[in-house]
Amino acid sequence: MRDRSSFRGGAGYRRNALIVGALLFVALVTFLLDTQGVLSPVRAYLTNSLTPLVAAVYGVNIQAGDFLAGSHDLQRVTKERDMLLKENSDLKAQILRIPQIEIENMHLREQLRIEKTRPWQLIGADVSVQTLADGRRLALVGVGSSSGIKVGMAVIARYQSSPPALIGVVSMVNTDSASVTLIDDYSSVISVQAYHGNTMVRGILHGNIQANGVLQMSEIEREAEIAAGDSVVTAGLTRLYGPSLPNAAIPADIPIGIAKAAYVDGRSKAVDVQPYINPELVHYVWIIHNDTK
Amino acid sequence: MDNPQRHKIEEIVWHELRTIVLVIVIVIFQKIFLANIFGVSLNLLLLLVVLRTLIEPIVTIGRWALYGGLIFDSMSGAWLGMHSIGLILAVVTIFVLLSRITSENWILPIVAVIIGSLVYYFCNGVLLYLLVGSFNILTYITVVFIPELLIILVPALPVFLLLRWLRSMQRGELPLDVY
Numbered sequence: 001m002r003d004r005s006s007f008r009g010g011a012g013y014r015r016n017a018l019i020v021g022a023l024l025f026v027a028l029v030t031f032l033l034d035t036q037g038v039l040s041p042v043r044a045y046l047t048n049s050l051t052p053l054v055a056a057v058y059g060v061n062i063q064a065g066d067f068l069a070g071s072h073d074l075q076r077v078t079k080e081r082d083m084l085l086k087e088n089s090d091l092k093a094q095i096l097r098i099p100q101i102e103i104e105n106m107h108l109r110e111q112l113r114i115e116k117t118r119p120w121q122l123i124g125a126d127v128s129v130q131t132l133a134d135g136r137r138l139a140l141v142g143v144g145s146s147s148g149i150k151v152g153m154a155v156i157a158r159y160q161s162s163p164p165a166l167i168g169v170v171s172m173v174n175t176d177s178a179s180v181t182l183i184d185d186y187s188s189v190i191s192v193q194a195y196h197g198n199t200m201v202r203g204i205l206h207g208n209i210q211a212n213g214v215l216q217m218s219e220i221e222r223e224a225e226i227a228a229g230d231s232v233v234t235a236g237l238t239r240l241y242g243p244s245l246p247n248a249a250i251p252a253d254i255p256i257g258i259a260k261a262a263y264v265d266g267r268s269k270a271v272d273v274q275p276y277i278n279p280e281l282v283h284y285v286w287i288i289h290n291d292t293k
Numbered sequence: 001m002d003n004p005q006r007h008k009i010e011e012i013v014w015h016e017l018r019t020i021v022l023v024i025v026i027v028i029f030q031k032i033f034l035a036n037i038f039g040v041s042l043n044l045l046l047l048l049v050v051l052r053t054l055i056e057p058i059v060t061i062g063r064w065a066l067y068g069g070l071i072f073d074s075m076s077g078a079w080l081g082m083h084s085i086g087l088i089l090a091v092v093t094i095f096v097l098l099s100r101i102t103s104e105n106w107i108l109p110i111v112a113v114i115i116g117s118l119v120y121y122f123c124n125g126v127l128l129y130l131l132v133g134s135f136n137i138l139t140y141i142t143v144v145f146i147p148e149l150l151i152i153l154v155p156a157l158p159v160f161l162l163l164r165w166l167r168s169m170q171r172g173e174l175p176l177d178v179y
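Chains as they are written, first to last, in my numbering: chain A, 1 to 293; chain B, 1 to 179.
Possibly wrong hints are sitting among the right ones.
[To be verified] Estimated spans, in silico, between C-beta atoms of each pair:
no.: 1; chain 1: A; residue 1: Tyr195; chain 2: B; residue 2: Phe38; range: 19 to 25 Å
no.: 2; chain 1: B; residue 1: Ile9; chain 2: A; residue 2: Gln36; range: 55 to 61 Å
no.: 3; chain 1: A; residue 1: Asn61; chain 2: B; residue 2: Leu130; range: 16 to 22 Å
no.: 4; chain 1: B; residue 1: Glu104; chain 2: A; residue 2: Ser147; range: 38 to 44 Å
no.: 5; chain 1: B; residue 1: Asn136; chain 2: A; residue 2: Arg14; range: 29 to 35 Å
no.: 6; chain 1: A; residue 1: Val264; chain 2: B; residue 2: Leu22; range: 53 to 59 Å
no.: 7; chain 1: A; residue 1: Glu115; chain 2: B; residue 2: Leu130; range: 50 to 56 Å
no.: 8; chain 1: B; residue 1: Asn136; chain 2: A; residue 2: Gly21; range: 33 to 39 Å
no.: 9; chain 1: A; residue 1: Ala17; chain 2: B; residue 2: Ile9; range: 21 to 27 Å
No lab work stands behind these hints, which were simulated from the structure alone. Glycine included, each C-beta is placed from N, C-alpha and C at the ideal position.
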């Protein structure tokens, strides 16, 4: 049954050891070169080549999931669609027959609504795939440097009745795709502020490796007043103190979540923050390209 | 007049391309359909690489590990080669430790998956710790390593038996186990 060329004692010992050693060497060299940024074009090419394929399969998977689940979301979306159909003209009703255009239309309307109420210019994008392995929380979106996307830009989304809220920050950009580090990834660090009555409390929001979705706001002054229910938004401190850094693209006052519980942590205070949106549930996002504030 | 050397090179290229396409399909399937099973992702690539190490030549599986890791990295935003290193080290460790045990033993795939996962996640944990930033190792073990090891153990034996059966069918052997 077995056909395993041996490392020990077999005729192919030296050859097998050399080949496996060479494969490991190739992997190590590739890794080291990529950490230095030498292989960025190769990685961009690979990602750009594979993203459409992954996005197509991912789309089919979502459609199948919705169909099988028969969830409340589908019913709600159907109700909203029916309402919009009544309000719109016959021409629009015809357009709405095409599901792709219908979805695109819905996303653009949402984008316009956000842009009207906020000083942001947005670029919409589909989430191609999310990486939830190895404790990481990353997502690949279908826009890149060709659309003006840069590292450090804030990524927002809307889910059900939530306000448009931050779900991550662009961490790597290719020509037609970009990698987003989600706010619940353990490497995610964002300056934030919480509003408690008329006072404002600043701190740093960290992702959490645990899969419960709760984030931690730390580096808060021990005497600061903050309590459960206070809203947490971005502070945009990088823009103030390090305008040349990538995260300077993150504007202030993007909603993130609600303070869940506050506790004393050594000489400072920390707060558990429940984000408005679970980033894993999001299939369409907007990247804040520019804000006019 | 045909050149036999040229034929061989063409065959090698065709074989490698076929392997790469197969690995791409496996990685896409894993990333889309197995990314969230009760909140845990099932690492199909690691499972197949580890189990095939028990029944296939190590050079073949070494190539699978390299290609699989690179494709996985390019789809997940990780540094190219990061997962390949973990997979190849897992393959070598399993081969060195378990190559003398007969693949007829049903405990073998379970032990191999445990050892392979230990090496793979240890390697990934160390690289992430060094390059991404500090995180709690104990939490990484309890939140990432243990759940992903437990979920990969569930299909280990059935997949191993399936792979062994496919191998027997390819060779025209009678799939008969004697205990």
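Hints, one by one, checked against the model:
Hint check: A:Tyr195 to B:Phe38, Cβ distance near 37 Å, so the stated range 19 to 25 Å is violated. About 33 Å separates the C-beta atoms of B:Ile9 and A:Gln36, a value inconsistent with the hinted range of 55 to 61 Å. As the Cβ distance of A:Asn61 to B:Leu130 is approximately 34 Å, the hint placing it in 16 to 22 Å is violated. For B:Glu104 paired with A:Ser147, a C-beta distance near 56 Å fails the hint of 38 to 44 Å.
Hint check: B:Asn136 to A:Arg14, Cβ distance near 43 Å, so the stated range 29 to 35 Å is violated. Remark: the range hint 53 to 59 Å for A:Val264 to B:Leu22 is upheld by a beta-carbon distance near 55 Å. Checked against the given bound of 50 to 56 Å, the beta carbons of A:Glu115 and B:Leu130, roughly 41 Å apart, lie outside it. Taken as a hint, the range 33 to 39 Å holds for the pair B:Asn136 and A:Gly21, whose Cβ atoms sit roughly 34 Å apart.
Hint check: A:Ala17 to B:Ile9, Cβ distance near 24 Å, so the stated range 21 to 27 Å holds.
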